[in-house]
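Q: What follows is each chain in one-letter form.
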Amino acid sequence: MGESVQLKWKTLSGEHKLSHFAIYLVGEEEAKYRRGTNSVTDISIFYEQALIDTKDPRKVRRGEAEIVLPSDTMPSWKSTNNAIKWSLRVRGEISLWPDIKDNYEVTVLPANSQH
Amino acid sequence: MTDSISIQLDQQSSEFLPGSIISGKVIWTAAAATQKIEIRLFWFTEGRGSQDIELAEERSWDAQGLAEQGFEFTLPLEPYSFSGKLISLQWALEAVTLPKESSTAKKIFTLSPNGKELILSSVENSQTSDKKTWGGKLQNN
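So the sequence lines, in the order shown, correspond to chains A and B. The opening position of the first sequence corresponds to residue 1 in our numbering, with each subsequent residue numbered one higher. The opening position of the second sequence corresponds to residue 1001 in our numbering, with each subsequent residue numbered one higher.
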């Protein structure tokens, strides 16, 4: 938090088949609780920033984006039943194929913390 | 005589920065059965998820013969106080009479980089939630 991070991506093949491509930085609350004998997990997204969101095949092949997080949000945090999670979510659409939905969890550190 | 207990903070504000000092005194009157006075620094969650509580630090004193005692804690760097759609996290000081905890006092305060509780608002119309149908809805760049 409070620092910028450079993100680079590169698709290895088939970029011309991607009609839509996007990478989002997402922050979410995760709350676990018991309902009867079941364990339930609820999610609420509190932050979502498009790093790339395009239909242009030339931008799909490779690119980079700067991530700047606001200082007034929560860093990653986890306890037994509750958590704040951050992830990079890759989304894509290929005609006649299932959508791409890949999530990569990342750790957001508090400002001025030791890396 | 019955127990009574209270916490007085030195700081006027209830907003604290990570790593700062929180200090004050615990004031009590102790019944004959009360042996100790304890003050606890901890955080706890409220909301949709099952509650989490974590003790950061504590101090205790003999209850008999004294009526007040000063304390000082260096606050941890995290977690921050926040309030979201599902979860809120709060910091507190709690003073109790032991062993029965027949009297307690609590002071809630906030801990964050600007001292204020962080508000996490829910994103409307998320583009990436699992419920979202992808395709044909992206903007052109």
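Check before you lean on any hint, since a few could be wrong.
[As the list claims (entries may be wrong)] Residues from chain A shown here face chain B by an in silico Cβ test under 7 Å; the list is partial:
1. Glu3
2. Val5
3. Trp9
4. Lys32
5. Asp42
6. Ser44
7. Phe46
8. Asn82
[Said to hold, decoys possible] Not the full set, but computed from the structure, chain A residues with beta-carbon under 7 Å of chain B:
9. Val26
10. Ala31
11. Arg35
12. Ile45
13. Trp77
14. Ser79
15. Thr80
16. Asn81
17. Trp86
18. Pro98
19. Asp102
20. Tyr104
21. Glu105
22. Val106
23. Pro110
[What the hints assert, rightly or not] Think about it this way: if two alpha-carbon atoms lie no more than 35 Å apart in a straight line, the pair counts; the simulated DSBU-like pairs of lysine-lysine are:
24. Lys55(A) to Lys101(A)
25. Lys17(A) to Lys1085(B)
26. Lys1116(B) to Lys78(A)
27. Lys8(A) to Lys1036(B)
28. Lys10(A) to Lys78(A)
29. Lys101(A) to Lys1085(B)
30. Lys1107(B) to Lys78(A)
31. Lys1036(B) to Lys55(A)
32. Lys1100(B) to Lys85(A)
33. Lys101(A) to Lys1100(B)
34. Lys85(A) to Lys1085(B)
35. Lys1106(B) to Lys32(A)
36. Lys1116(B) to Lys85(A)
37. Lys1107(B) to Lys85(A)
38. Lys1116(B) to Lys1106(B)
39. Lys101(A) to Lys78(A)
40. Lys1116(B) to Lys55(A)
Simulated from the structure, these hints should not be mistaken for lab results. As the structure is a computational prediction, the values presented were derived from the model and not from experiment. Just so it is clear, CB atoms sit at the ideal spot from N, CA and C, and this is done for glycine as well.
Q: Among all the numbered hints in the text so far, which are the ones the structure does not match?
A: Those not satisfied are hints 1, 2, 3, 11, 17, 18, 19, 20, 21, 22, 25, 27, 31, 32, 33, 40.
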